[in-house]
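Colleague: As a plain string of letters, each chain reads:
2 protein chains.
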Amino acid sequence: MKYRRSGRLVDMTHYLMGNPHRQVPLTYFSERYQSAKSSISEDLTIVKEMFEAKKIGTLETAAGATGGVIFIPAVDTDQAKETLSKLCERLEDPERVLPGGYLYMMDIIGDPALIHVLGRIFASHYRDVQVDAVMTMATKGIPLAYSVAGQLNVPVSIVRHEHRITEGSIVSINYVSGSKKRIQTMSLARRSLKPQSNVLIIDDFMKAGGTIRGMMDLVKEFQSNVAGIGVLTEAVHEEESLVEDYVSLTKLSQVDEKGKNIKVEIGNIF
Amino acid sequence: MKYRRSGRLVDMTHYLMGNPHRQVPLTYFSERYQSAKSSISEDLTIVKEMFEAKKIGTLETAAGATGGVIFIPAVDTDQAKETLSKLCERLEDPERVLPGGYLYMMDIIGDPALIHVLGRIFASHYRDVQVDAVMTMATKGIPLAYSVAGQLNVPVSIVRHEHRITEGSIVSINYVSGSKKRIQTMSLARRSLKPQSNVLIIDDFMKAGGTIRGMMDLVKEFQSNVAGIGVLTEAVHEEESLVEDYVSLTKLSQVDEKGKNIKVEIGNIF
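Protein chains in written order, with the numbering used here: chain A, 1 to 270; chain B, 1 to 270.
Keep in mind that the hints were calculated from the coordinates and are not lab data. There's no promise every hint is true.
Which copy is meant is left open, because identical chains are indistinguishable; a pair holds if it fits in one copy or across any two.
What the hints assert, rightly or not - With a straight-line Cα cutoff of 27 angstroms, these simulated DSS-like cross-link-like pairs (lysine-lysine) come out: (1) K55 <-> K37; (2) K194 <-> K260; (3) K194 <-> K81; (4) K2 <-> K55; (5) K194 <-> K48; (6) K37 <-> K81; (7) K37 <-> K220; (8) K220 <-> K81; (9) K55 <-> K260; (10) K81 <-> K263; (11) K86 <-> K194; (12) K86 <-> K251; (13) K81 <-> K2; (14) K2 <-> K220; (15) K263 <-> K37.
Only a predicted model underlies this, so the values are computations on that prediction, with no experimental measurement involved.
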């Protein structure tokens with residue numbers, strides 16, 4: 001079946017969006033639509049122009065014999081800042097304050113559409129960095145980690161506190177949680193991360209950074225390299241920071257449990 | 001700025017894909033592109049025809065004063081079966097057999113692109129069912145649950161074995177795990193699920209169904225209703241089934257720990 005340009009543009013956009021950071025040869029499209037490569041090239045120019053005009057991302061031309069294009073998702077910085085500003089406002093709701101000065105955040109983490117947008121901000125931030133895998137800590141880091149990984153087209157490695165019989169051999173390390181000064185264990189299935197990977201660590205919350213520091217040590221145990229660290233929310237703390245290079249979307253600068261006064265601002269990503 | 005039809009089609013497709021199961025008024029597009037509603041209607045007809053031709057989904061016309069369209073993601077059944085067949089083959093790899101007859105599945109669960117496709121199969125299956133929330137059990141159900149929820153445009157409620165100080169007040173129930181016959185506890189943050197919700201339960205693995213049964217009881221504790229149950233893999237078992245109405249993507253019919261002989265077939269979804 002042959003398709004007109006208008007139809008091709010719809011299907012191409014759908015296909016590229018579903019396959020970010022993946023090289024698609026021109027022949028894939030020319031066979032899919034029974035169209036000449038020259039027509040496909042023109043189609044892709046239109047897609048590229050619109051993706052760039054609407055700040056959806058870019059279409060990079062892949063070098064090599066097969067040629068082709070790679071869709072690199074990006075974000076409109078102004079729109080991303082607006083999203084984060086609204087998120088900060090939502091986080092400042094006094095109803096969120098829990099005993100111990102913790103914040104209830106499960107509604108944020110439980111919102112797939114929002115998590116998709118937040119993941120896109122990280123995917124855009126790290127779009128030019130070589131990332132082979134995303135690592136996160138169960139449970140609450142998982143949704144954001146999957147969103148980032150999906151948009152970077154890499155697998156996810158889930159680190160856990162408990163051992164599970166269904167994971168086969170595991171690598172465990174001990175670490176000291178920064179705020180509680182308690183020795184804890186974290187582990188990752190041996191098969192869950194290839195050696196010599198460039199690992200992007202994504203988590204939902206960071207205070208002094210003990211958990212992140214532990215994941216950094218775990219990355220080393222897999223002869224791998226930390227490509228970046230991104231957190232949804234960083235919180236002010238009195239302890240010494242255990243992590244220096246990181247990117248945060250939001251920053252919790254104050255939680256007053258008594259007065260239920262919360263201050264949240266945009267993190268260091270912008 | 002005005003946009004030509006070709007550009008509008010690219011951006012519309014991107015927008016609709018990012019906003020499944022959500023009503024988008026025609027005025028949204030006519031303002032976004034500074035175009036007449038009649039042109040937007042024609043654009044949407046092209047999008048709809050292509051979505052249906054390529055089995056991406058449908059565009060439903062929304063009734064009411066504002067009008068508009070709703071993108072309902074679907075799957076091509078043949079392609080979905082092919083995806084599941086390949087998954088079954090991957091699962092039959094003898095290297096997966098772990099002590100106790102468990103299967104290593106973290107590579108499947110850790111693949112966001114695959115999980116997205118599997119989530120789409122469930123989202124398509126339940127597209128005409130009223131679903132207000134997806135519920136899952138930490139940790140391994142989470143990725144699939146988010147994929148389904150994102151494509152149905154509903155929030156996720158994560159049930160956990162442990163209590164967490166960062167979740168506020170929780171509702172806990174005891175349940176008997178079907179295979180181990182052990183009493184366990186599961187809990188969900190009170191704020192994490194609105195009463196009178198229609199809940200789609202999604203999990204990675206089901207044997208006799210004790211965990212799913214527990215989640216069904218938990219749904220009741222929230223004065224809510226089970227809208228459906230979907231599992232990535234169901235396994236044969238000798239115990240009595242605790243769950244009757246469910247949909248599975250794959251079925252593990254045999255794990256022979258000694259011979260490392262695994263048999264996996266497509267589940268009851270097709």
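Colleague: None of the hints should be skipped; say for each whether it holds.
Modeller: Results of checking the hints against the structure:
In this assembly of identical chains, K55 and K37 lie within 27 angstroms of each other by CA distance both inside one copy and across copies; the values are 26 angstroms within and 24 angstroms between. With identical chains, the CA atoms of K194 and K260 are at most 27 angstroms apart between copies only, with a shortest distance of 24 angstroms across copies and 45 angstroms within one. In this homomeric assembly, K194 and K81 never come within 27 angstroms of each other (Cα to Cα): the closest approach is 35 angstroms inside a single copy and 29 angstroms across copies. Proximity of K2 and K55 under a CA criterion of 27 angstroms is satisfied inter-copy only: 16 angstroms between copies versus 30 angstroms inside one chain copy.
Proximity of K194 to K48 under the C-alpha cut-off of 27 angstroms is found in neither arrangement, the shortest distances being 34 angstroms within a copy and 42 angstroms between copies. When the C-alpha separation of K37 and K81 is checked against a cutoff of 27 angstroms, the pair qualifies neither within a copy, at 39 angstroms, nor between copies, at 30 angstroms. Taking identical chains as interchangeable, the C-alpha atoms of K37 and K220 are never at most 27 angstroms apart, the minima being 46 angstroms within one chain and 57 angstroms between chains. Within a single copy, K220 and K81 get their C-alpha atoms no closer than 34 angstroms, and across copies no closer than 40 angstroms, so neither meets the 27 angstroms cut-off.
With identical chains, the CA atoms of K55 and K260 are never at most 27 angstroms apart, being 38 angstroms at best within one copy and 50 angstroms at best between copies. Taking identical chains as interchangeable, the C-alpha atoms of K81 and K263 lie at most 27 angstroms apart only when both belong to the same chain, with a minimum of 17 angstroms there against 50 angstroms between chains. For the homomeric pair K86 and K194, the shortest alpha-carbon distance between copies (22 angstroms) is at most 27 angstroms, but the shortest distance inside one copy (38 angstroms) is not. In this assembly of identical chains, K86 and K251 lie within 27 angstroms of each other by CA distance solely inside one copy; the values are 13 angstroms within and 44 angstroms between copies.
With identical chains, the CA atoms of K81 and K2 are at most 27 angstroms apart between copies only, with a shortest distance of 25 angstroms across copies and 42 angstroms within one. For the homomeric pair K2 and K220, neither the shortest alpha-carbon distance inside one copy (52 angstroms) nor that between copies (52 angstroms) is at most 27 angstroms. For a Cα distance limit of 27 angstroms, the shortest separation of K263 from K37 qualifies neither inside one copy, at 55 angstroms, nor across copies, at 43 angstroms.
When each numbered hint is compared with the structure, violations occur for hints 3, 5, 6, 7, 8, 9, 14, 15.
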